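So the protein sequences, as listed, match chains A and B.
In terms of the working numbering, the first sequence opens at residue 1 and continues consecutively.
In terms of the working numbering, the second sequence opens at residue 1 and continues consecutively.
Hints were generated in silico from the structure; no laboratory data involved.
Since the model is a prediction, treat every value here as computed from it, not as a measurement.
Hints should not be assumed to be uniformly reliable.
Only part of the chain B face toward chain A is listed, based on derived beta-carbon distances under 10 angstroms [unchecked claim]: (1) Ala17; (2) Leu61; (3) Pro77; (4) Ala195.
FRET-style restraints, in silico, Cβ to Cβ [unchecked claim]: (5) A:Gly243 / B:Ala174: 33 to 43 angstroms; (6) B:Pro206 / A:Ala232: 51 to 61 angstroms; (7) A:Ala232 / B:Arg173: 50 to 60 angstroms; (8) A:Phe61 / B:Ser132: 47 to 57 angstroms; (9) B:Ser4 / A:Phe74: 18 to 28 angstroms; (10) B:Ala174 / A:Ala232: 51 to 61 angstroms; (11) B:Ser4 / A:Asn183: 53 to 63 angstroms; (12) B:Thr171 / A:Arg178: 34 to 44 angstroms; (13) B:Asp29 / A:Arg67: 38 to 48 angstroms; (14) A:Thr227 / B:Gly120: 54 to 64 angstroms.
Don't be surprised by glycine CBs; every beta carbon is placed ideally from N, CA and C.
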Amino acid sequence: MKLDKYSGLDSPVHRWDPRLKLVGLMALALSFAFVTELWLLPAMLAVSFALCSVARLPFSFLAGRLRYPGIFIFILAVILPFLSGETVLLQLGPLALREEGSLEMLMVVGRFTAIVTIAVVLFGTAPILTNIKAMRALGLPELLADMTLFSYRYIEEIGSDLARMRRAVRLRGFRAVRLNRRNLSVLASLVGSLLVRSYERSERVYQAMVLRGYGQLRSHSHGFQATARDVAALSAVLLVAAGFVAAEVL
Amino acid sequence: MPASVAIAGFATTGAMAWYSLRKIEQDDDPRAVIPKASMFTAAFFVASWVNIPVPPVSVHLILNGLMGVILGWYAFPAILIGLFFQAVMFGHGGLTTLGVNATMMGVPAILAYYVFRLRGAPGLRAMGERGSRALTGVFAFLGGALGLGLAALILFVLLIGTVPSSLDGATERAAITGLVIAHIPLAVVEGAFTALVVLYLLRVKPALLEAPLKKRPGEAKLAGGR
Numbered sequence: 001m002k003l004d005k006y007s008g009l010d011s012p013v014h015r016w017d018p019r020l021k022l023v024g025l026m027a028l029a030l031s032f033a034f035v036t037e038l039w040l041l042p043a044m045l046a047v048s049f050a051l052c053s054v055a056r057l058p059f060s061f062l063a064g065r066l067r068y069p070g071i072f073i074f075i076l077a078v079i080l081p082f083l084s085g086e087t088v089l090l091q092l093g094p095l096a097l098r099e100e101g102s103l104e105m106l107m108v109v110g111r112f113t114a115i116v117t118i119a120v121v122l123f124g125t126a127p128i129l130t131n132i133k134a135m136r137a138l139g140l141p142e143l144l145a146d147m148t149l150f151s152y153r154y155i156e157e158i159g160s161d162l163a164r165m166r167r168a169v170r171l172r173g174f175r176a177v178r179l180n181r182r183n184l185s186v187l188a189s190l191v192g193s194l195l196v197r198s199y200e201r202s203e204r205v206y207q208a209m210v211l212r213g214y215g216q217l218r219s220h221s222h223g224f225q226a227t228a229r230d231v232a233a234l235s236a237v238l239l240v241a242a243g244f245v246a247a248e249v250l
Numbered sequence: 001m002p003a004s005v006a007i008a009g010f011a012t013t014g015a016m017a018w019y020s021l022r023k024i025e026q027d028d029d030p031r032a033v034i035p036k037a038s039m040f041t042a043a044f045f046v047a048s049w050v051n052i053p054v055p056p057v058s059v060h061l062i063l064n065g066l067m068g069v070i071l072g073w074y075a076f077p078a079i080l081i082g083l084f085f086q087a088v089m090f091g092h093g094g095l096t097t098l099g100v101n102a103t104m105m106g107v108p109a110i111l112a113y114y115v116f117r118l119r120g121a122p123g124l125r126a127m128g129e130r131g132s133r134a135l136t137g138v139f140a141f142l143g144g145a146l147g148l149g150l151a152a153l154i155l156f157v158l159l160i161g162t163v164p165s166s167l168d169g170a171t172e173r174a175a176i177t178g179l180v181i182a183h184i185p186l187a188v189v190e191g192a193f194t195a196l197v198v199l200y201l202l203r204v205k206p207a208l209l210e211a212p213l214k215k216r217p218g219e220a221k222l223a224g225g226r
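Okay, chain B solo, but in the shape it has when bound (with noise of 0.2 angstroms):
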């Protein structure tokens, strides 16, 4: 990867930290919040260990998409944090190329975010209980195949558009679209487990999708403020 892709990256990176920041700062009270994020990041980083069986072989999900639609804003520091992990612990993807990689996953994620909230637009509401879950669950699924098929395109778009300098245009354009076709069944598989995953919650935990991270009435204030 050269290093003007890298440097592109922790740009976008950075504004993309910022302008989330400033967005979770417009909350009432980041500071209380800031357990139940890290908690969650924490939880999705050991959710992407479990792997899918899709014969021949078994793939771990990103679960980028299902992390927007849950965490909302909170899902760039999340995925940014979970990244710089897996950099400096396990060595997979490199420090040079945290910026790409953070923008490449967390871009999608906050797009399936809008994605998912769709679910509540104003001509869908009239459906009824049985309408509403169906169409959560169908948003979700999209949320979730956006997340991954996105994060997929940027990376071989990237890849293919910078790493071997002397492949002609028509095998670029070639390689890429193949590379995509293969990851639409990826796609598919990532926005179904997104989806079951969110129906889960809704019967289980509904508290969970409706702004897990807001501070509710009852509960207790911070001393002092910040």
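Only chain A is shown next, with the shape it has when bound in the complex (with noise of 0.2 angstroms):
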């Protein structure tokens, strides 16, 4: 997965506790959450890029992993100066710069920035599985954390499944370019039938497993251990998450 690509690089982020940077960055990233201040905002990105800096992650992984979603923060950031607020920076014809919603665009890009760049931190250092295994060391309950660990096995699987069959579909003339009942019907047998084979897929699976002993009580050893060092950089990120909000409150 593009995502695990740097999680095997070596630095104290890495080698940080799975469990106490899971608990740490989500409470920083809440923190975040709630700042609405201006003048917070600098300091914010300074935080995030700062971890991201310590962690070694290239910037051009978090600029990639920044693009998608900032498409729909993009169309937000345009419209929002336009259409929030009283008082006109600029008059453009019809159009008025507002300064309220300047501002609000700028926290909201800024926000949204330093919140993206803590995620790819937190899941950027660690393989998926050892953050899915951390959760349920921190209590996540164990049908969510297994369904979770089978779906993740699977999803490329059924991924390619799937392009396989738009293939067949695409070589048989299919195209769909209008909306009408003929072309959803293929597509909902498309679907239809991707759902019949994962069910079928599932039904050997289970019972491959059930051949292997799954259903046996098993014991969970996480394997985690904190040091002195993990507990230490926990307690230090929830004191910035802490400052971030006692500075929005007061």
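Build the complex from these two chains, which are given one at a time in their own frames, with help from the hints.
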């Protein structure tokens, strides 16, 4: 997976106990969501970029992760300055660039960048399986954890099933360019047979798993061990998060 | 999105997840169902990549109504997991908004499930084979359309109610109404698609519509229990 590309690097963030990392960085991201004061924005961006560089994640990786969701934020960022607020900064014919909207736009874009950066650091510095195990160790219900692990395992496989079926449909001359009953029903059959295939595959997988002893009681030793340094790092990050919330509230 | 909304989203999602897990635990053997439920989770995740032409653009379906119709209470964990993967692997949607998104799509999915179950209501049973087929289609349509329509409504109320703080009330209401009306065609497409998929399954693999996740009598029993 693309996201796991840099999970093998060695950095203080990579060495941080995944459980504590999860708690610390989620708290930090949530505290960023609290911020609405403009003067906190540079601090927020500085903290998140600092984390990213401590984690040795290349900037191009971060930029790649920011691009796609950035499109939606960009649309909002283009609309807001014109719709929201009363103080007109600049009049362009019927369009008025408004101060409140522009400031809101800066805030939305900045906060978004900071939060995504934190998420990239969190999930880019450990394989996703490690993070799911960490969540289970933190008390994620077992059913959810198991379902997450299994579906992660099969997404790519079912994805290539879909790609193959789409290619087959195209070879038979199917082009979905118009919305009509026939096209919709072809696509529905495509999805339907994807579901049937997955269902049948899951039955085979399940039987194979039972043969290998699935369902026996397992002991869950997660094998994570927090050192004093890990705990210190968590305290520091939580302190920063609390600092942002405090600065916002006071 | 303000933090209060994000936190409220996590709270409702937590409560919904807890409740649906409890519903699931009532089944005879949840561990036996995990592989199937996960495979469906992955399949729906992939199925939402199929784009439907709605000229001049093409749209991705959400399929939350269909998930509810087929998975029942498993739809909620499935949607939560799908959104989690979307947030971490593809960067669609954020981590802090995960709770809000899961509620926005998951709650309508559960409602769609109950709507679809109405097809078996006592008054509607006596309609014969053809009639029951048509009914299945109609209720699947309603489930699918409701799934998307409700999710869109929740989204717009949240978006407009929270983001640009300085819009006035009348503009807000007008914007919400406008956006919801713009989404009616999409809800119809989603509903039609759901109905077509359900009718396809009824033809090809009816077992999938009759509680696909329940264990059937002949199936292997787990050694050791859970």
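Now for the hints, and whether the structure bears them out:
1. Ala17: This interface hint holds because 7 angstroms falls under the 10 angstroms limit.
2. Leu61: 9 angstroms, holds
3. Pro77: Holds. Min distance 6 angstroms.
4. Ala195: Nearest chain A Cβ about 8 angstroms off; hint holds.
5. A:Gly243 / B:Ala174: 33 to 43 angstroms: 41 angstroms, holds
6. B:Pro206 / A:Ala232: 51 to 61 angstroms: 59 angstroms, holds
7. A:Ala232 / B:Arg173: 50 to 60 angstroms: 51 angstroms Cβ-Cβ, so the 50 to 60 angstroms window holds.
8. A:Phe61 / B:Ser132: 47 to 57 angstroms: The hint (47 to 57 angstroms, Cβ to Cβ) holds, given that A:Phe61 and B:Ser132 are roughly 54 angstroms apart.
9. B:Ser4 / A:Phe74: 18 to 28 angstroms: Hint holds: Cβ distance 25 angstroms, inside 18 to 28 angstroms.
10. B:Ala174 / A:Ala232: 51 to 61 angstroms: The hinted range 51 to 61 angstroms holds for B:Ala174 and A:Ala232, with Cβ atoms some 53 angstroms apart.
11. B:Ser4 / A:Asn183: 53 to 63 angstroms: Taking Cβ atoms as reference, B:Ser4 and A:Asn183 lie about 44 angstroms apart, which means the hint is violated.
12. B:Thr171 / A:Arg178: 34 to 44 angstroms: 36 angstroms, holds
13. B:Asp29 / A:Arg67: 38 to 48 angstroms: Between B:Asp29 and A:Arg67, where Cβ atoms are some 44 angstroms apart, the hint holds.
14. A:Thr227 / B:Gly120: 54 to 64 angstroms: Because 58 angstroms falls inside the window, the suggested range holds.
Hint 11 from the list above is the single one not met by this structure.
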